[in-house]
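J.: Each chain, written out:
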Amino acid sequence: MRFAVLSFPGSSCDVDMYHALLDIVGVGAEIVSHQDADLNNFDAVVIPTGASYGDYLRPGALAQSSKSIDSLKAFADSGKPVLGVGNGFQILVEAGILPGAFLRNKGLKFRSGNAKLAVQNTESTFTSIYEQGQQITLPFAHEYGNYYVDADTATQLKEQNRIVFTYEDGNPDGSVEKIAGVLNEQGNVLGMMPLPERAVEEIIGGTDGLPLFRSILKNWSEKNVNHA
Amino acid sequence: MTKVNVYVTLRESVVDPQGIAAQEALQTLGFNEVESVRIGRLIELELAGTDSEIETRVKEMCDKLLVNKVIEDYSFEIGEVAGK
Numbered sequence: 037m038r039f040a041v042l043s044f045p046g047s048s049c050d051v052d053m054y055h056a057l058l059d060i061v062g063v064g065a066e067i068v069s070h071q072d073a074d075l076n077n078f079d080a081v082v083i084p085t086g087a088s089y090g091d092y093l094r095p096g097a098l099a100q101s102s103k104s105i106d107s108l109k110a111f112a113d114s115g116k117p118v119l120g121v122g123n124g125f126q127i128l129v130e131a132g133i134l135p136g137a138f139l140r141n142k143g144l145k146f147r148s149g150n151a152k153l154a155v156q157n158t159e160s161t162f163t164s165i166y167e168q169g170q171q172i173t174l175p176f177a178h179e180y181g182n183y184y185v186d187a188d189t190a191t192q193l194k195e196q197n198r199i200v201f202t203y204e205d206g207n208p209d210g211s212v213e214k215i216a217g218v219l220n221e222q223g224n225v226l227g228m229m230p231l232p233e234r235a236v237e238e239i240i241g242g243t244d245g246l247p248l249f250r251s252i253l254k255n256w257s258e259k260n261v262n263h264a
Numbered sequence: 197m198t199k200v201n202v203y204v205t206l207r208e209s210v211v212d213p214q215g216i217a218a219q220e221a222l223q224t225l226g227f228n229e230v231e232s233v234r235i236g237r238l239i240e241l242e243l244a245g246t247d248s249e250i251e252t253r254v255k256e257m258c259d260k261l262l263v264n265k266v267i268e269d270y271s272f273e274i275g276e277v278a279g280k
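Line by line, the protein sequences are chains P and Y.
Residue numbers for the first sequence follow our numbering, so the first one is 37 and each next one is one higher.
Residue numbers for the second sequence follow our numbering, so the first one is 197 and each next one is one higher.
Heads up, a few of these hints could be off.
[Said to hold, decoys possible] Dumping the calculated PhoX-like pairs for lysine-lysine here, alpha-carbon to alpha-carbon at most 20 Å:
(1) P:Lys214 <-> P:Lys152
(2) P:Lys254 <-> P:Lys116
(3) P:Lys142 <-> P:Lys116
(4) P:Lys109 <-> Y:Lys260
(5) P:Lys103 <-> Y:Lys260
(6) Y:Lys255 <-> Y:Lys199
Because the hints were derived from the structure by calculation, they are not lab data.
Go ahead and model the full structure; you've got the sequences and the hints to work with.
T.: Below, the structure written as structure tokens:
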């Protein structure tokens with residue numbers, strides 16, 4: 037299975053993601069420049085965190101001007117898995133691939149640390165190895181982590197079981213419905229503010245992010261690898 | 197050359213933590229009559245075209261990039277740039 041790590045100017049955690057995928061999870065991975073619009077040879081796309089285009093205008097907004105966004109939309113429409121973490125989530129939202137928008141954190145400050153999360157949906161291709169309701173800890177680092185959708189959309193997300201992760205530590209940034217991670221309607225695109233690639237080895241403080249990548253691999257293998 | 201001022205404001209349904217903090221600071225300074233503060237942004241464009249072309253194009257720019265309509269509203273004013 038081959039992952040593209042889609043890198044924009046200012047994406048600063050592309051190498052962390054590449055390392056997690058290639059060296060820890062053990063899948064094929066390649067850092068793809070946003071100017072290489074061709075994603076056809078990949079089985080999954082991950083958009084890493086950082087501060088693409090300097091976070092100017094609104095975090096994630098200026099990435100829309102990259103031609104890779106059209107390929108990304110086509111890739112997402114094809115049903116293959118797309119994961120955006122941190123700034124990658126903001127890019128997916130600004131591109132209209134996921135619903136909602138990001139506001140500045142309620143406390144107006146950049147915050148980083150370890151977020152306690154609950155896994156709310158274990159039916160998704162990204163979370164099938166976790167247990168329903170499982171509490172996990174993942175690092176986060178953001179100033180615009182305050183996820184916003186209007187009340188109707190929030191109801192729809194709940195009804196369609198698209199809220200995958202929620203904050204279990206008081207939701208200090210103010211996200212609607214404590215949302216930390218959300219799926220598109222088709223279920224093949226996940227955006228999340230916590231950073232699973234920073235929790236894949238005990239030496240860096242935990243491995244709670246590992247089942248996410250292993251779920252993607254497992255679900256892909258069951259579909260694409262012939263065990264006969 | 198024409199100058200266009202685009203005013204971007206947070207939608208009424210969206211809480212503005214910056215505005216609330218500024219309001220509290222104003223009250224601390226004795227401006228107790230301030231009941232609400234909402235902080236937006238001003239985007240200044242300079243561009244060529246007739247007013248009706250500009251109106252259409254600026255609307256497109258706002259819808260496509262300058263404004264996120266999930267959380268923001270906008271309005272704009274078209275004026276002349278002197279001496280250019």
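J.: Now look at each hint and say whether the structure bears it out.
T.: Quick rundown of the hints versus the structure:
no. : hint                  : result
1   : P:Lys214 <-> P:Lys152 : holds (11 Å)
2   : P:Lys254 <-> P:Lys116 : holds (14 Å)
3   : P:Lys142 <-> P:Lys116 : violated (34 Å)
4   : P:Lys109 <-> Y:Lys260 : holds (16 Å)
5   : P:Lys103 <-> Y:Lys260 : holds (14 Å)
6   : Y:Lys255 <-> Y:Lys199 : holds (14 Å)
Checked against the numbered hints listed earlier, the structure breaks hint 3 alone; every other hint is satisfied.
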